[in-house]
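Read top to bottom, the protein sequences are chains A and B. Take the first sequence: its letter number 32 is residue 32 in the numbering used here, and every next letter is one higher. In the numbering used here, each number is its position in the second sequence, counted from 1, plus 1000.
In case anyone wonders, no lab produced these hints; they're calculated from the structure. Take the hints with a grain of salt, since some may be wrong.
Taking CB as the label site, the calculated pair distances span [what the hints assert, rightly or not]:
| hint | chain 1 | residue 1 | chain 2 | residue 2 | range |
| --- | --- | --- | --- | --- | --- |
| 1 | B | Asp1357 | A | Asn31 | 16 to 24 Å |
| 2 | B | Ser1430 | A | Gly84 | 13 to 21 Å |
| 3 | B | Glu1036 | A | Phe69 | 22 to 30 Å |
| 4 | A | Glu57 | B | Glu1281 | 34 to 42 Å |
| 5 | B | Pro1222 | A | Gly25 | 44 to 52 Å |
| 6 | B | Gly1434 | A | Val64 | 52 to 60 Å |
| 7 | A | Arg70 | B | Pro1395 | 43 to 51 Å |
| 8 | B | Ser1056 | A | Arg70 | 30 to 38 Å |
| 9 | A | Phe69 | B | Gly1464 | 41 to 49 Å |
If you're wondering where the values come from, they're calculated on a predicted model, not measured in any experiment. Quick reminder that beta carbons are idealized off the backbone N, C-alpha and C, glycines included.
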Amino acid sequence: MVSKQEIARLAKLAKLYVKPEELDGLTEDLNRMIRFADAVATSPEKGSAFGGFDGRENIFREDVPHPSFRRDDILKNAGSAEDGFFLVRHRR
Amino acid sequence: MLESRELSCTELTEKYLNAIGKENAALNAYIRLTPETALETARRVDEDIASGRSLSPLEGIPMTLKDNISTKGIETTCCSKMLQGYVPIYDATVWKILKDQNAVLLGKTNMDEFAMGSTCENSCYGGAGNPHDPVRVAGGSSGGAAAAVASDLAVYGLGSDTGGSIREPASFCGAVGFKPTYGTVSRYGLVAFASSFDQIGPITQSVEDAALIYDVISRQDPMDSTCTGRKTAVVPDLGKGIRGLKIGIPREYFDNVPEDVRKALRNTLKIWKSMGAELSEFGMPSVKLGLPIYYILACAEASSNLGRYDGIRYGYCTPHYQNREEMVCKTRSEGFGREVKRRILLGTYVLSAGYYDAYYKKAQDLRGAVIRAFDDVFQKCDLILTPTVPTTAFPKGRTGGDPVENYQTDICTVPVNIAGLPAVSIPCGSGRDGMPVGMQLIGPRFSESVLLNAAYRYEQETGGEPYRVKGMGVDL
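Hey, can you work out the whole structure from these sequences and the hints?
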């Protein structure tokens, strides 16, 4: 069983706010999901490490510069931008 | 029809747009229409036809994209408040390929938020309805695409499949849904849910169309390091005999399947035998852990992938906050829906200190065991046959409360994603309620030719009619 305090801690890690009125329902939901996941945690089967489907590692392209996106395109979806930078106000 | 000029591309496109105008309100398959883009492409195709140029197979064909596939200049929201208003500055590779071939994009289709769901009810735009009975779910997460294709409001659609999100809605709506081998279709531009599971694939009215689209979109892509492209084309192999094809039927996939769905699947066995396939039953107990393995790993990956949504570079931002931390937390809490938040929290839990080894690492090890189990099965048979979903499409609102009950819909589909295998769902009859039943065929990695040929042969043997609801859509 995971407590409400633990759910609140997880929410903080995940950068989520849980309103007090939501906490009971969310705790119940997460406990159901964790009990479901316990089938893996308690399985006697050992398995073996999954290292990807085809064994390829560290796939790099050639170190040749390519054009990237224009700065003003990248900023098009920003809520706020100033002088070519994303603007994050301290408070609103 | 286009090259013979029975119909111009513009006329064809207008027919589809008119049909959508009449029928989409009941289905909510489309959440965004792109008539100007569609008609501009159609006019270009008509000019090319008039100049005498031959068309490539997908040119001028009205189609749709799930709303998690990036389309430059066209809003792409993943049906989440978090991305409402987000307009990508680049095209997904699959869309670029099709756009370069003058595919006529009719619009973007409805989906469960960030592809998390199996009913399409987790959408900020409201759920999609099933064309066979709009009070029932279309399935998910590519529910809108499946509903659009099955109601002939598009010739084909592209969806994405992380745990069954192409195959399950295709099964519910009575269409063909194909999830390719992981790594054969580029994920560049697909908004990430679980990066080692996600794969784009077609939802179509025929297996031949699925094969055609796969051959076009499956290319190596330098923008996706996991994408190697396909090994061989599928279309040239369609129509080959399947005498001697070994089809295995795993007993565990039929546990808890109601009798009407079992009967529809049993009826297919006579057809397979008549075509010369060799059927055998076997046990595959490792797949029983498939659902919890999938949900641990997919939610862990999702908690990482969705960490990027902070209101700064794109997407929703909370209007009032006192500091940056509050800004990020309130943005995410207000922008994400309930199911997304639940999955992020589960993912955070299984990755957190003290739980990582017991859940995430163990699930990764068991993933390896599932892959080996499939490898062992494919030593003895060429394909595996299962139901796509244990049930037919159920009424909307049924799976409201218990998240784990909702996840049971994916029980037959998730093992495929765990092992990165190709699989196709094709309609194979109806349940007691008259709703479509889907049969799933699963093949070894890179076996698309054998897999889709078998599905094609079955489809032809059972009449070869397009899978769509009669009297709906354009219905040419």
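Worksheet item: Going through the earlier hints one by one, which of them does the structure break, listed in rising order?
Response: Result: hint 2 breaks, nothing else.
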